[in-house]
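For reference, the chains in residue letters:
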Amino acid sequence: MSFPWAKHYEPKSGFMKYVDSRLPIPRLVYNSLGAGYPVPKNLNYFYNFGVLAGVALVIQIITGIVLAMHYAANAKIAFDSVEHIMRDVNGGWMMRYMHATGASFFFIAVYIHIFRGLYYGSYKPPREVLWLLGLVIFLLMMATAFMGYVLVWGQMSFWGATVITGLFSALPLVGETIQTWLLGGFAPDNATLNRFFSLHYLLPFVTLGVVILHVWALHIPGSNNPTGIDVKSEADTVPFHPYYTAKDFFGLGVYLTIFAAVVFFWPNALGEVDNYIPANPLSTPAHIVPEWYFWPFYAILRAFTVDFLFIPAKLWGVIAMFAAILLLFFLPWLDTSPVRSNNYRPMAKIAFWVFFADIILLAICGGKPAEEPWVRLSQLASVYYFAHFLIILPILSRIERPLPLPNSISEAVLKRQTNVGAPASQQLPGAGIAEMPATGRAQPAE
Amino acid sequence: MVKLIAAAIGAIFCAALLWGAVQPRDAVVPDLVKKYYQHAEPAGFSFDNPIVGKFDRAQLQRGFQVYKEVCSGCHSLNRVAFRTLTDIGFSAAEVKAIAKQYDIPSLDAAGEPTTRKGLPSDNFYGPYANDDAARAANNNALPPDLSLIGKSREGGANYVHALLIGYKETPPKDWTTPDGLYFNVHFHSLNIAMPPPLNPDQVTYVDGTKATVDQMAKDVAAFLMWTAEPKLEERRRTGVGAVIFLIILTGLAYLSYARVWQSVKAKKTQV
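Going line by line, the protein sequences match chains A and B. Each step along the first sequence adds one to the number in UniProt numbering, with nothing skipped, and position 167 is 167. Each step along the second sequence adds one to the number in UniProt numbering, with nothing skipped, and position 11 is 11.
Treat the hints as calculated values from the structure; they're not laboratory data. Among the hints, a few may not be true.
With a cut-off of at most 20 Å between alpha-carbon atoms, the simulated EDC-like pairs for lysine to aspartate or glutamate come out as follows [unchecked claim]:
id : chain 1 : residue 1 : chain 2 : residue 2
1  : B       : K231      : A       : D88
2  : B       : K100      : B       : D131
3  : B       : K35       : A       : E411
4  : B       : K231      : B       : D122
5  : B       : K265      : A       : E411
6  : A       : K368      : B       : D122
What follows is a list of derived Cβ distance ranges for each label pair [what the hints assert, rightly or not]:
id : chain 1 : residue 1 : chain 2 : residue 2 : range
7  : A       : M142      : B       : D48       : 31 to 37 Å
8  : A       : I178      : B       : A58       : 54 to 60 Å
9  : A       : M142      : B       : L252      : 33 to 39 Å
10 : B       : I248      : A       : M16       : 52 to 58 Å
11 : A       : L173      : B       : G126      : 50 to 56 Å
12 : A       : I364      : B       : T209      : 41 to 47 Å
13 : B       : I248      : A       : M142      : 42 to 48 Å
14 : B       : D179      : A       : L282      : 42 to 48 Å
15 : A       : V354      : B       : L252      : 25 to 31 Å
16 : B       : N139      : A       : M142      : 39 to 45 Å
17 : B       : E154      : A       : A187      : 23 to 29 Å
18 : B       : Y37       : A       : A370      : 17 to 23 Å
19 : A       : R401      : B       : Y37       : 52 to 58 Å
Positions of the beta carbon are idealized from the N, C-alpha and C atoms, including for glycine.
Between the sequences and the hints, there should be enough to build the whole structure, so can you do that?
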């Protein structure tokens with residue numbers, strides 16, 4: 001793929017020529033992260049988070065491999081082995097705090113990355129497969145993080161595992177059997193811990209594989225950009241290297257600085273104190289809460305409090321929680337507005353920010369005990385969550401009149417520079433529709 | 001078609017949620033625990049500052065003395081090795097002497113259970129052989145191992161301090177504390193099975209500090225923060241270095257970023 005003006009790799013030294021003609025890895029790197037990959041020149045800092053998420057994954061894998069050298073996946077001694085890492089292994093505390101905090105930071109980076117994609121319409125054609133692969137990564141991350149949290153074998157590990165696997169028991173007929181099969185017993189125990197460790201070690205590498213597919217799929221159409229319009233000419237792009245390598249390196253510096261501050265100064269701020277108590281099947285903690293990155297979905301799970309249409313409340317919650325994630329897979333076919341960026345979609349932009357506030361509200365509710373007013377708030381917030389994706393966006397994409405789009409990325413950049421703060425355009429609304437990006441797809445007449 | 005199905009599914013979820021939202025809620029029973037429970041006040045420790053705070057060695061040693069003379073009667077400290085006491089200022093000889101005061105279970109040459117004197121490489125042991133023995137001696141309540149108490153309760157060292165001074169002779173009129181339990185406003189259920197462990201001048205500090213209940217509570221809380229996070233100082237020291245390094249690196253990265261983009265930004269304004 002790539003644009004016609006992309007530079008071609010020319011090996012400079014004899015050695016590179018030798019390597020390139022036998023195994024063209026230098027060429028691959030050049031075309032994907034080097035000067036051979038033209039990227040829109042107007043990307044803002046939100047576009048740094050893809051690379052940051054990738055770095056977060058690598059940090060998790062490296063620290064995780066070291067931790068696994070000292071960890072013992074056995075229900076009798078797992079907790080002790082974690083404390084052994086904290087107290088006796090040289091630098092063990094650093095590895096563990098980096099790994100635990102790193103999981104949170106991985107989610108922060110990925111959530112910002114996802115919201116970036118939602119705002120600028122990066123899931124729309126021709127990037128649907130890119131979006132779907134991203135969601136697969138998100139699912140893998142959630143599974144991996146959940147199982148990793150269980151490995152500590154503290155109180156929250158144990159009871160979190162009990163609650164989450166207990167969700168499956170809500171399924172009619174087969175539920176209990178599935179739960180027993182997942183746990184390898186009737187309650188979390190040694191069998192559970194061992195399989196979770198096995199999978200926790202496996203899934204990050206599966207994730208890495210999907211990340212490679214994700215990046216591959218990105219390189220076919222190239223990056224989206226804040227205007228959402230397609231690249232038209234060489235004037236719209238700059239080569240990835242040195243322009244975005246330099247920018248990503250700066251972004252990485254900021255990210256790592258904040259990361260280090262949390263790891264070294266507030267390492268337990270994002271965790272639950274109960275997980276420093278060894279797992280005890282006979283004593284249930286007062287409030288069982290998952291890690292913060294699951295709170296919005298936990299809130300949706302608990303928002304269903306009454307049986308409805310002969311389906312028990314618990315089953316509704318489970319279905320809704322999974323649906324809340326799975327519906328994202330259908331987003332490219334739900335929001336069919338051909339304008340990608342919300343900068344040019346006045347109504348969708350409002351809906352986006354309402355949705356953003358809604359997620360924050362859900363997260364807050366998910367971290368609270370199941371009491372009023374949190375239950376009712378989470379019910380209303382869940383209503384908006386589903387309405388946003390399943391009702392509002394599909395309707396908006398039919399009735400909304402987008403603002404006129406700029407003719408090209410360069411033009412948009414120029415305009416922003418010459419009259420900062422002026423309205424996006426003085427033309428008649430809708431006039432820009434004619435210059436819509438050639439997505440190869442007209443508005444579907446559904 | 002996709003949109004119609006989606007709208008139908010969305011409508012069903014919303015209906016189920018709204019139906020739940022309009023249901024009347026049970027009347028809220030006034031919760032006395034919530035009424036009387038008090039969060040721990042900050043006690044003011046030398047290690048409070050998350051970046052530069054350090055342990056006070058003299059305080060840790062006093063805290064160790066309180067643990068040894070008072071708390072160790074009921075609470076174990078199983079995750080702490082004697083050898084690590086050198087970190088709080090004891091000499092190798094002192095550590096050896098401390099370890100020697102403990103009897104560690106072992107087997108003799110014939111394989112019969114016996115005990116031997118503790119070594120610096122051993123962990124604290126006792127006071128009970130197992131949880132059942134501990135419960136039997138404490139009215140069926142289990143005194144938790146204190147090694148991690150500084151991190152396993154909301155509030156950390158402030159909580160331990162507050163708990164130890166949070167006993168009230170007489171509970172409020174509408175609250176009953178059963179026999180064998182003690183009213184404590186900082187305990188999650190207000191009735192704790194631990195009798196007030198500290199009385200004025202219960203220990204005689206070698207450094208001459210006056211052993212008020214508050215002083216002893218603060219000292220032992222600091223000590224238990226150290227047992228929970230023995231690498232706290234090393235962590236913060238490493239952190240200061242790492243963050244300074246990263247700030248400089250980020251500054252340089254910014255300069256090179258600005259330099260690289262200079263030409264693009266300039267061209268944009270020229271056109």
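Hint consistency between B:K231 and A:D88 [alpha-carbon to alpha-carbon, up to 20 Å]: 10 Å, holds
Taking 23 to 29 Å as the hint, is the beta-carbon distance of B:E154 and A:A187 inside that range? 27 Å, holds
Between A:V354 and B:L252, does the beta-carbon spacing fit 25 to 31 Å? Violated - the Cβ-Cβ distance for A:V354 and B:L252, about 41 Å, lies outside 25 to 31 Å.
At the C-beta level, are B:Y37 and A:A370 separated by a distance inside 17 to 23 Å? At roughly 19 Å between Cβ atoms, A:A370 and B:Y37 fall inside 17 to 23 Å, so the hint holds.
Range agreement (Cβ of A:M142 with Cβ of B:I248, hint 42 to 48 Å): 36 Å, violated
Is it true that the CA of B:K231 sits at most 20 Å from the CA of B:D122? 19 Å, holds
Pairwise beta carbon distance, B:I248 to A:M16, judged against the given window 52 to 58 Å: 33 Å, violated
Pairwise beta carbon distance, A:M142 to B:D48, judged against the given window 31 to 37 Å: At 36 Å between Cβs, range holds.
Quick one, are B:K35 and A:E411 close enough, alpha carbons at most 20 Å? This hinted pair is violated, its Cα atoms lying about 63 Å apart.
Given the proposed pairing of A:K368 with B:D122, does the C-alpha separation stay at or below 20 Å? Outside the cut-off at roughly 42 Å; violated.
Restraint status (C-alpha distance of B:K265 to A:E411 at most 20 Å): 13 Å, holds
Take a look at whether the Cβ-Cβ distance between B:N139 and A:M142 falls inside 39 to 45 Å. Holds - the Cβ-Cβ distance for B:N139 and A:M142, about 44 Å, lies within 39 to 45 Å.
Hint compliance for this structure: hints 2, 3, 6, 10, 13, 14, 15 are not met, and every other hint is.
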